[in-house]
Every structure is written in structure tokens, then in C-alpha cells.
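**Q** Given next are the chains, with one letter for each unit.
There are 2 protein chains.
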Amino acid sequence: MATVKYSAEQLKTFCEDAFFGFGFTREEAEQITDVLLLADLYGIASHGTQRLVRYHKAIEKGSVRVDARPEVVFETPVSAVIDGHSGMGQIISAYAMNMAIDKAKQSGMAFVTVRNSNHFGIAGYYTKMAVDAGLMGICTTNSQSIMVHTGSCQPILGSNPIAFAMPADPIPFWFDAATTVVPRGKLEVYHKADKALSDGWCVGADGNVSTDACEVLECIDGKEHVGGILPVGGASTEFGSHKGYGFSMMCELFSSITSSGATSNHHVRGKGVGAGTCHSFIAIDPKIFGDAEEIKAHLSTILQELRDAKRADENVPILTHGEKEAASYKEKMENGIDVDISTVSEMMAICDYLGMDSEKYLGKVDVSGARTRDYDSIYGGTNTTH
Amino acid sequence: MATVKYSAEQLKTFCEDAFFGFGFTREEAEQITDVLLLADLYGIASHGTQRLVRYHKAIEKGSVRVDARPEVVFETPVSAVIDGHSGMGQIISAYAMNMAIDKAKQSGMAFVTVRNSNHFGIAGYYTKMAVDAGLMGICTTNSQSIMVHTGSCQPILGSNPIAFAMPADPIPFWFDAATTVVPRGKLEVYHKADKALSDGWCVGADGNVSTDACEVLECIDGKEHVGGILPVGGASTEFGSHKGYGFSMMCELFSSITSSGATSNHHVRGKGVGAGTCHSFIAIDPKIFGDAEEIKAHLSTILQELRDAKRADENVPILTHGEKEAASYKEKMENGIDVDISTVSEMMAICDYLGMDSEKYLGKVDVSGARTRDYDSIYGGTNTTH
Numbered sequence: 015m016a017t018v019k020y021s022a023e024q025l026k027t028f029c030e031d032a033f034f035g036f037g038f039t040r041e042e043a044e045q046i047t048d049v050l051l052l053a054d055l056y057g058i059a060s061h062g063t064q065r066l067v068r069y070h071k072a073i074e075k076g077s078v079r080v081d082a083r084p085e086v087v088f089e090t091p092v093s094a095v096i097d098g099h100s101g102m103g104q105i106i107s108a109y110a111m112n113m114a115i116d117k118a119k120q121s122g123m124a125f126v127t128v129r130n131s132n133h134f135g136i137a138g139y140y141t142k143m144a145v146d147a148g149l150m151g152i153c154t155t156n157s158q159s160i161m162v163h164t165g166s167c168q169p170i171l172g173s174n175p176i177a178f179a180m181p182a183d184p185i186p187f188w189f190d191a192a193t194t195v196v197p198r199g200k201l202e203v204y205h206k207a208d209k210a211l212s213d214g215w216c217v218g219a220d221g222n223v224s225t226d227a228c229e230v231l232e233c234i235d236g237k238e239h240v241g242g243i244l245p246v247g248g249a250s251t252e253f254g255s256h257k258g259y260g261f262s263m264m265c266e267l268f269s270s271i272t273s274s275g276a277t278s279n280h281h282v283r284g285k286g287v288g289a290g291t292c293h294s295f296i297a298i299d300p301k302i303f304g305d306a307e308e309i310k311a312h313l314s315t316i317l318q319e320l321r322d323a324k325r326a327d328e329n330v331p332i333l334t335h336g337e338k339e340a341a342s343y344k345e346k347m348e349n350g351i352d353v354d355i356s357t358v359s360e361m362m363a364i365c366d367y368l369g370m371d372s373e374k375y376l377g378k379v380d381v382s383g384a385r386t387r388d389y390d391s392i393y394g395g396t397n398t399t400h
Numbered sequence: 015m016a017t018v019k020y021s022a023e024q025l026k027t028f029c030e031d032a033f034f035g036f037g038f039t040r041e042e043a044e045q046i047t048d049v050l051l052l053a054d055l056y057g058i059a060s061h062g063t064q065r066l067v068r069y070h071k072a073i074e075k076g077s078v079r080v081d082a083r084p085e086v087v088f089e090t091p092v093s094a095v096i097d098g099h100s101g102m103g104q105i106i107s108a109y110a111m112n113m114a115i116d117k118a119k120q121s122g123m124a125f126v127t128v129r130n131s132n133h134f135g136i137a138g139y140y141t142k143m144a145v146d147a148g149l150m151g152i153c154t155t156n157s158q159s160i161m162v163h164t165g166s167c168q169p170i171l172g173s174n175p176i177a178f179a180m181p182a183d184p185i186p187f188w189f190d191a192a193t194t195v196v197p198r199g200k201l202e203v204y205h206k207a208d209k210a211l212s213d214g215w216c217v218g219a220d221g222n223v224s225t226d227a228c229e230v231l232e233c234i235d236g237k238e239h240v241g242g243i244l245p246v247g248g249a250s251t252e253f254g255s256h257k258g259y260g261f262s263m264m265c266e267l268f269s270s271i272t273s274s275g276a277t278s279n280h281h282v283r284g285k286g287v288g289a290g291t292c293h294s295f296i297a298i299d300p301k302i303f304g305d306a307e308e309i310k311a312h313l314s315t316i317l318q319e320l321r322d323a324k325r326a327d328e329n330v331p332i333l334t335h336g337e338k339e340a341a342s343y344k345e346k347m348e349n350g351i352d353v354d355i356s357t358v359s360e361m362m363a364i365c366d367y368l369g370m371d372s373e374k375y376l377g378k379v380d381v382s383g384a385r386t387r388d389y390d391s392i393y394g395g396t397n398t399t400h
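Residue numbers (our numbering), protein chains in the order written: chain G, 15 to 400; chain B, 15 to 400.
Simulated from the structure, these hints should not be mistaken for laboratory data.
All residues carry an ideal CB built from backbone N, CA and C; glycine is no exception.
Where hints are given, some of them may not hold.
[As the list claims (entries may be wrong)] Think about it this way: if two alpha-carbon atoms lie no more than 25 Å apart in a straight line, the pair counts; the simulated BS3-like pairs of lysine-lysine are:
#1 B:Lys119 <-> B:Lys310
#2 B:Lys26 <-> B:Lys374
#3 G:Lys119 <-> B:Lys119
#4 B:Lys209 <-> B:Lys338
#5 G:Lys75 <-> G:Lys338
#6 B:Lys301 <-> G:Lys119
#7 B:Lys237 <-> B:Lys285
#8 G:Lys301 <-> G:Lys119
#9 B:Lys119 <-> G:Lys301
#10 B:Lys237 <-> B:Lys75
#11 G:Lys378 <-> G:Lys26
#12 B:Lys237 <-> G:Lys324
#13 B:Lys324 <-> G:Lys237
#14 G:Lys338 <-> G:Lys310
#15 G:Lys19 <-> G:Lys378
[What the hints assert, rightly or not] Beyond 12 Å from chain G on every Cβ pair, some chain B residues (computed):
#16 Ala16
#17 Phe34
#18 Glu44
#19 Ser60
#20 Leu317
#21 Arg387
Excised from the complex, chain G in its bound form (with noise of 0.2 Å):
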């Protein structure tokens, strides 16, 4: 499908001036746009702005609470419990991690966790954070339920994406990735370029394999609630399925177990209301090990023995976690980013719903090839709790 090609500077200060006209604080509008176009130029198009849509309506429908505040409600030193009162992830979660950080910088490693969130955008940018101040950081969080676990053709856990990341040279170790095979937002690119899925990643209503991006999501957001995303593994044990279901119960325990908060199956989709969406944000100083320079020499030592490894093609490089990323945020930084003319379309009713100048912010563009999805009626319809 078509797209445009925007600097990253423009994006910036779109994201900014429309989440500043959502009501959030100009400090507020920075930190979520941060976090979207890291995805953007980290190359994750999921999680950046095609996901602008979404935040408008859950802003718009009150599932997101632009005056909410995070409170700690439980604390130790090593360990905090946040009630994000239905406020934007992205505010919450950035807080939950300077607070980690923080106590791991006292006490050595920190464990906070977090309830009545929103989606936060890229488990990773929280990680990194903790990277930036020379942590080792992981983070996971739970979601709207769409993962069909191993036996079951009904959702009941999210996509669930667990991060983690450690410093090293020349770039830190990066990981971020969703415990189904695909994350949701895959499903809405793929709808977006209307492309079919590849056989294995998703279930339909009748619990047989589908390729249709748009009929998995009309399932997952349907009132029967059946069909959805496999666990990274596929289908059945003997690859492995117990085991993506797994990782992604690692989230829950994480995410939502320790917090108290709303199992992915207890999220709420609706108005009004927010997801309920828990979040944990771990961080680690390696001075509890030793020495924190010859710790990261020696992770940078095995990145290097796995680039070197023998290749399966002599022709494709082996990457390790975060370079691809590192890649794409200099080549995005330097050339612009790609953006989808059915994000764009979007973007554009953003503008109509603040009153702001499209043509101004986005250019004049043909987006009549645009393929979106109802989100009104997603948000805005019955209240559903899956």
C-alpha cells in the first residue's frame, strides 16, 4: 500500500501537539510521543503511529484518563505496587521505571509493578531506560486476551511481551518480543496493507487456522471471543506451544499476579472504562555481581561470538538482539520514516477531532486507498469484559 515519507522531527511534533491537545501537560505529550516514535524508528511500524488511532479513541471514548495520576500504593526498597487509575501507559509505565531505577541504584535490583494501566507502546523503550542509566532492565505486561493457549480455542492471556535488555558495546542487548508468535498490531499492519497471514501465527472462530488478518481481529474483538493468536511454538507441544503459553504466564505472574490487578481475560474493552492493563519494570544494577565494566565486556564478547558464528547463509548476517533496531533508527533518523497512507488517513481525523491544521502537520495526501478498521464501535460500543 501506499506511504509517505515523514522525518522523525515531524512526527515529534505532530505526536505533540496532539496529545497536547488530548489535554495531557506538554511534558506528558513528550514522553508518549517519545516512546511511539522510538517504535517508529526502532522499525516496530506496530507500535508506532498506526497505533495513533487506538489512543485517540480510548482518549476519546474515556477508556484513557488524561488527568489520571499514578499512586504507590505498596512499598518496600526493592519494590513498589502502582494503581495508574486508568491514566496513559506510557506516563505510568516511564514512572514506574524511574522508580525502579531508582531503588535498584539503592538497593541494588528493584521490582515494580503496576495495575489499571493502558497500553504503553514498546515493552522495550522501558528497558532501555534502564540501559541509559547503565542497568540491566526488564519489563513485561499483560494485555486485551488474545493468545489461544496450548488446548484452548478461546483467548485468555494477551500477547504478553516480556523486554529485557543489558548494557554492552557497541550497542546495548536488546530484546523485546511479544509471547505469541505475532503481536496484535502485526495483525493490523498486515490488515492495514491487506496482506495474508502466514499459516500457523493465528486461529479463527472455528478454531481451525486463518490467514485473514481481518476476520482474527473481528474474532478476538467480537462478543463470542474465540479464535486468536498462537503462543510462539504454534499449536502443539511437539514444537514447543507449552512453551510461548508459558513465557506469556510469565507476564501475568509478573504483570498482573503481583500487582493485583486484571488478568488479560479481566481487561475491559468499552467506554469509559479503562483496559486494566499491569505492567513490571525490573531493574538490576550489575554492581551487585562485581564489576560493572567487566560484566558488560563480557556480554559484548558473546554478542561478538554469535555475529561471527557460522552462517546458515554465507550471504545473510547473524544479528544479535537490538541491532536491527540500532540500524533502523539511523537509517529512519537520517531518511525519513515510512508511513502507511491508512496511518496517515488516521492521523488526518485525529486532526478534524482537535481542530488541527492536517495539510500543516501531514501534507496534502491522497489517502483514498486507506483500509481502517471501526474503531468507534469497538470503543465505543458495549462494554465487553474478555
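Given the coordinates of chain G, work out where chain B should sit on it, guided by the hints.
**A** What follows is chain B alone, placed relative to chain G:
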């Protein structure tokens, strides 16, 4: 292949006397046996008595040092680094998890990391120790390099299992899985049973898929050291190969990087040198998040909801992690444990080696159909660093 049924008590007596015979104290022999036997009782045959031959050879060739004692080389209130001095993995690891538990009870959470150890059995044994103390437990290890990471045909990382567990009713949540599609032990079990591997588990020396357990084992143990087991998620990023590769890296970060020990590709195989295996043991007291009983009840609720989800096949119940093992434990404590005759023949060889009366311990068994590998050359040949 033919099997012989032994009671748990019979195997316990055999193992304890054998490890005592190898030179461990009675208490140490009991500890080692407790780990091995739990694997067999949980139905994880790859890590039970079938593994005895490898411990036997490792002790005989001096790569496991019977008289080594774990030494704490760095310590804070929330952490410790332990040098295992090439001792028996089970003894070092039980010591390390006990230390993590004690520290977690004092400080709320603790991270104990170990270097210069050897194979420690099932990771889930140690997380069970944490659960038995009312805590959340996490355990990782690295291992002989065996995983062909994404884009590579040379194994650098190990099968690198991750285990985590948390108290719940009616049974704890208990997850323990290699980050490869299957663990090495499964190849050994398939080899002994002369069964073909599933297409998509392993690649051979030529970098192509292999279903021949013997070929793959020879590849891994051979000098060329190419081929190996794929990460969970398979060979390509399309189905999440990079995720299994990433979770394997979590084990390296937690185990070898934090302990400044040998990464999987620097483990040593051979005479008189310990493998250099590294582990991590994390214990977290739920009290750092509020009321431990409420947290336990909250986890129990989602576990029941997962079991009660709509089934893909009406006749196949949905399991949560640890259920299969709990059922196996009950069944095998009542009815005994099936041991294949290849393993029985290896146990007989231990009797010969130690001067134990094999008929007294194992009965009169025809082992003429046994399939076993040349472990003497693996452990007694040229030392190799992979």
C-alpha cells in the same frame, strides 16, 4: 524399547548408594538423588536416571570434582556470586537456591548466580524449593552449546532452560523448559528408543534439517561442532526463531554474564576439567507486593480460568504448567517408574564400576537390546572447548 519398572524407593536406594560410592557424603548423595528422582517422578525422563551415565563418566574422568565445595566470591544483601569449583551441579545449586531464599526472606528478593558448576538436573527442582518456602522462584542455566541460533548453523548457546514457579492452589504454577525446541536429553531418549526426531527440531552437519538423533548428537559432540537444535520458534523469524534465541540469551545474561563465568560456547568437554556451567537462582517474596495469600488466590483464579477455557478438542483437557508433573508424580509414586533397558545397562555399568551388586539393586534384566553411546570417548578424549 523394553522397559523395567522400579519403585521410587528402589531407584532412590540405587542412586544414593551409587553417589555415596562415587565419594560424596551421605547427605550430598541424598541431595543429588532428590533432584534426579524428582525428574523421573515428574515424567521428565531425559533428566532422571537416563542421565546417570553422564554423571558417572563425568565423575570418573574428573570433570565433576567430588570434593569441591561452593565458595561465595561476591555478596550483597540481595545477591551473591558463587564459584562452584567444578563440583556436582546439584549440590552447588541447592546451596545457591537456599542462599537466595534466605536473602529473599530478609531483603524481599535475591539473585544468586553461579559459575564453574556442572549439569544440575532439572531447573524446576530449585524453583520448587522456593515455592516450598512460600516464594516465587526463577532459575536459569546455560549448558553445552547446542542451539543453532537464528541465521547460524554453528551452535553457540546452550539448550538454556528457564524455570519459574509460584505458590497456587490446588497445585503451584511450575514451568520448566529448554529454550531450544527440545532439550538435548530428549535426543538421548529418542536415540535410545531408536525413534526418528520430528522434522523441525534439529539441523545436521550440512545445516539442513535432520531427524536422526545419533547424527545430531555426533554433530554436537564432534570436533566440527556444526548443526544442533533449533530455538523454540524454529529456523526463521517468521515463526519466532529470534524469540527462542532471545530467551536463550536471557539464560546467558542471568547465568554466565552476571557470574562472570563461561558462556555456553566456552564450556569444556573432556578429561579432568569441569564443564564451567553457570546458573542463576532468583527468589522473590510475594510479601513485597502486599498480602501473599491474596496474591496466591489471584494466581489460582487465572489458572482455573485457563483450565476452564473452551477446548480446541472437547476430549483433551487444557493443562496449566505443573499439572502434568503433579499427576505423573502421584501415578509413579503409586505404580513405579519405567526405566528403559539402555539406561538399566548403564546403571549396571555403574554397579560394575563401584563394585555394587547389580542384581540386588536392579534385579535380573536382559539388556541385550540396549542402545548406548560411547561416553568414554566423549568424556575421556581430547578436551574440546565449544
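**Q** Flag every earlier hint the structure violates by its number, smallest first.
**A** 5, 20
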